[in-house]
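Put chains B, C, D, E and F on the given structure of chain A with help from the hints.
Number of protein chains: 6
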Amino acid sequence: MGNSERFQKGAAVIKKLFGREPQPGSMQADFLDITVENLFGDIWTRPGLAIEERSMITLSALTVLGRENEIKIHLHGAKNLGIPREKIEEIMIHLAHYGGWPVAVSGLKLVEQVYSK
Amino acid sequence: MGNSERFQKGAAVIKKLFGREPQPGSMQADFLDITVENLFGDIWTRPGLAIEERSMITLSALTVLGRENEIKIHLHGAKNLGIPREKIEEIMIHLAHYGGWPVAVSGLKLVEQVYSK
Amino acid sequence: MGNSERFQKGAAVIKKLFGREPQPGSMQADFLDITVENLFGDIWTRPGLAIEERSMITLSALTVLGRENEIKIHLHGAKNLGIPREKIEEIMIHLAHYGGWPVAVSGLKLVEQVYSK
Amino acid sequence: MGNSERFQKGAAVIKKLFGREPQPGSMQADFLDITVENLFGDIWTRPGLAIEERSMITLSALTVLGRENEIKIHLHGAKNLGIPREKIEEIMIHLAHYGGWPVAVSGLKLVEQVYSK
Amino acid sequence: MGNSERFQKGAAVIKKLFGREPQPGSMQADFLDITVENLFGDIWTRPGLAIEERSMITLSALTVLGRENEIKIHLHGAKNLGIPREKIEEIMIHLAHYGGWPVAVSGLKLVEQVYSK
Amino acid sequence: MGNSERFQKGAAVIKKLFGREPQPGSMQADFLDITVENLFGDIWTRPGLAIEERSMITLSALTVLGRENEIKIHLHGAKNLGIPREKIEEIMIHLAHYGGWPVAVSGLKLVEQVYSK
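Chains as they are written, first to last, in numbering that gives the first Met the number 0: chain A, 0 to 116; chain B, 0 to 116; chain C, 0 to 116; chain D, 0 to 116; chain E, 0 to 116; chain F, 0 to 116.
Looking at chain A on its own, in the form it has when it is part of the complex (with noise of 0.2 angstroms):
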């Protein structure tokens, strides 16, 4: 795994918002690396946005893109930032409008699955 700024850059936010260090043998090595520096180090640090803001704006987009396991692991990490879950409830709600009900039907499922623990 890199060692360079830009990864530890990346572990930093990925820590803060999982609650964890980035974990080799979770996806395919090359890929880690590159998560955590381009992804994480590169753009979730960049200021003009809050953490929690990446937060919900990327669950905005997982949820109406109905990536699932995408939407589970920000769900944690959104609850382990303080996100209320009436929060994250409310957005798709909306989101079930511009998506498509699908979307918010399973979204909202995935909710109760993560947060409800």
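Simulated from the structure, these hints should not be mistaken for laboratory data. Don't be surprised by glycine CBs; every beta carbon is placed ideally from N, CA and C. Some clues are possibly wrong.
What the hints assert, rightly or not - If you anchor each label on the Cβ, the simulated ranges turn out as follows: (1) F:44 <-> C:49: 51 to 61 angstroms; (2) D:81 <-> A:29: 52 to 62 angstroms; (3) A:18 <-> E:23: 30 to 40 angstroms; (4) F:44 <-> C:81: 55 to 65 angstroms; (5) F:29 <-> A:85: 31 to 41 angstroms; (6) A:29 <-> E:4: 25 to 35 angstroms; (7) A:86 <-> E:23: 43 to 53 angstroms; (8) F:51 <-> C:86: 40 to 50 angstroms; (9) E:23 <-> F:7: 56 to 66 angstroms; (10) F:51 <-> C:49: 45 to 55 angstroms; (11) A:29 <-> E:23: 35 to 45 angstroms; (12) D:85 <-> A:18: 32 to 42 angstroms; (13) E:116 <-> D:7: 41 to 51 angstroms.
To be verified - Some chain A residues near chain B, calculated using beta-carbon distances under 8 angstroms: (14) 8; (15) 14; (16) 38; (17) 42; (18) 47; (19) 48; (20) 50; (21) 64; (22) 94; (23) 97; (24) 98.
Chains B, C, D, E and F only, in chain A's frame:
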């Protein structure tokens, strides 16, 4: 056009968001009523999210879905609400990584069109 | 749960389509009300399309969007309305050409699951 | 252009649906043959769905997928088959709730363009 | 099942790609015939692209569309053709940037499942 | 504009693919840097796929996603790399069956626009 309480509530949100009344003739008549009553009257007026948050969430959804006509409309809304251009651009740069590069390329062009006027 | 006239109208469509009352606890409480009132009460009760036509159109949309959980729910609805399996299969064979082969492959598997019981 | 029996069958459906023969030069030559033979000759001629049902199902799929060029083509087909404007509009109002509001907004604009001529 | 020349051509491609004959009962009977004749017999046998190229292009499409069941099937095909795991992984890392990060995360997990056996 | 090593590597790929330098003003300034460094510098330069393979894979993804503006840009790239028109057309005919007919119809029109000049 409807005169129900729900319609009046919806029309008030539309006024606040887009700076104008619902426009008869702008879309099929029944669908205009449903849009004002059900979408803006029932949903956009719910507590739990500020109108600026609903604007950003809506733009996030539209951007990754590539709905260009509606992106333009809601960029006018975001500008009208006073959301800074830099914040919207940051959302789109972020979303390049969740919806694919092309949705950000298109979204940022529309920001230029709407905000530079 | 709501007791409004719109809720009652929606509940009646749901009974006709799925053979059961709206189920409290089946989804987030506010979203259940909105689903019964706005989606089933306001939209599914509109004249201009028979309920069987709405069922087939809904299945067409869900199929090409790949929304598998909702496809299953609406296949139960179609079966309950007496729409023959052969007709639903024909829709999916047709849609392979508009939404891509994979959506029909998945859709036809779900038909087998729901209709063969 | 093909002269096979499958081509002839496909050409007959195209004539019935769009009121014209397949047009050489309207698309890449091989793809035109495949479209006439495989899509219209093999699929649109299958029993089990009336041509009006295939038209409505096709429009439902194209609408939620946001394929605007093809929506226009198939709106001409629907009009040519005598499907009333009100019925197509009702389909799109319905689909706003399954594919998201923007697909209905765009779809209804195209109905206005095609049916008001 | 069909015995036409087109069926035989399609069955030969399926054998080469997946290492087995078309399997009656694996999908709805008519759709199996159409899949063997129209998709594999007519399209996959066309000159202009090697079967390995068709395999990689198909996987690219399925990956960005998020069609997980079909990705698995075509990963078995790719493996059977001898396309190296590293090449498929590289395709998915690349596509993270065109279809969004989640499609690559899911795709790479499926590569691990299929290629590590 | 950036002057980093990653930027230089990305600019070299862009030159090879599109026949020109990255163009300041062609997109939002930060996003141009990220595009050159992260997408072209880090990803397109990775070993494991030839640039012609990356071009075809990118076109496959863009085609099934219906991203027309970017399809045009990457068709110029494909033409510039010397990939024959027939090969690109074959990809789109193939993809009609995985992303639905409309994406191939649109894609083939864009091929005509870009390659016939």
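Hint by hint, here is what the structure shows:
no., hint, verdict
1, F:44 <-> C:49: 51 to 61 angstroms, "holds (58 angstroms)"
2, D:81 <-> A:29: 52 to 62 angstroms, "holds (58 angstroms)"
3, A:18 <-> E:23: 30 to 40 angstroms, "violated (51 angstroms)"
4, F:44 <-> C:81: 55 to 65 angstroms, "holds (60 angstroms)"
5, F:29 <-> A:85: 31 to 41 angstroms, "holds (34 angstroms)"
6, A:29 <-> E:4: 25 to 35 angstroms, "violated (46 angstroms)"
7, A:86 <-> E:23: 43 to 53 angstroms, "holds (52 angstroms)"
8, F:51 <-> C:86: 40 to 50 angstroms, "holds (46 angstroms)"
9, E:23 <-> F:7: 56 to 66 angstroms, "holds (58 angstroms)"
10, F:51 <-> C:49: 45 to 55 angstroms, "holds (53 angstroms)"
11, A:29 <-> E:23: 35 to 45 angstroms, "holds (42 angstroms)"
12, D:85 <-> A:18: 32 to 42 angstroms, "violated (55 angstroms)"
13, E:116 <-> D:7: 41 to 51 angstroms, "holds (48 angstroms)"
14, 8, "violated (16 angstroms)"
15, 14, "violated (19 angstroms)"
16, 38, "holds (5 angstroms)"
17, 42, "holds (6 angstroms)"
18, 47, "holds (4 angstroms)"
19, 48, "holds (5 angstroms)"
20, 50, "violated (11 angstroms)"
21, 64, "holds (6 angstroms)"
22, 94, "holds (6 angstroms)"
23, 97, "holds (4 angstroms)"
24, 98, "holds (6 angstroms)"
When held up to the earlier numbered hints, the structure conflicts with 3, 6, 12, 14, 15 and 20 and fits the remainder.
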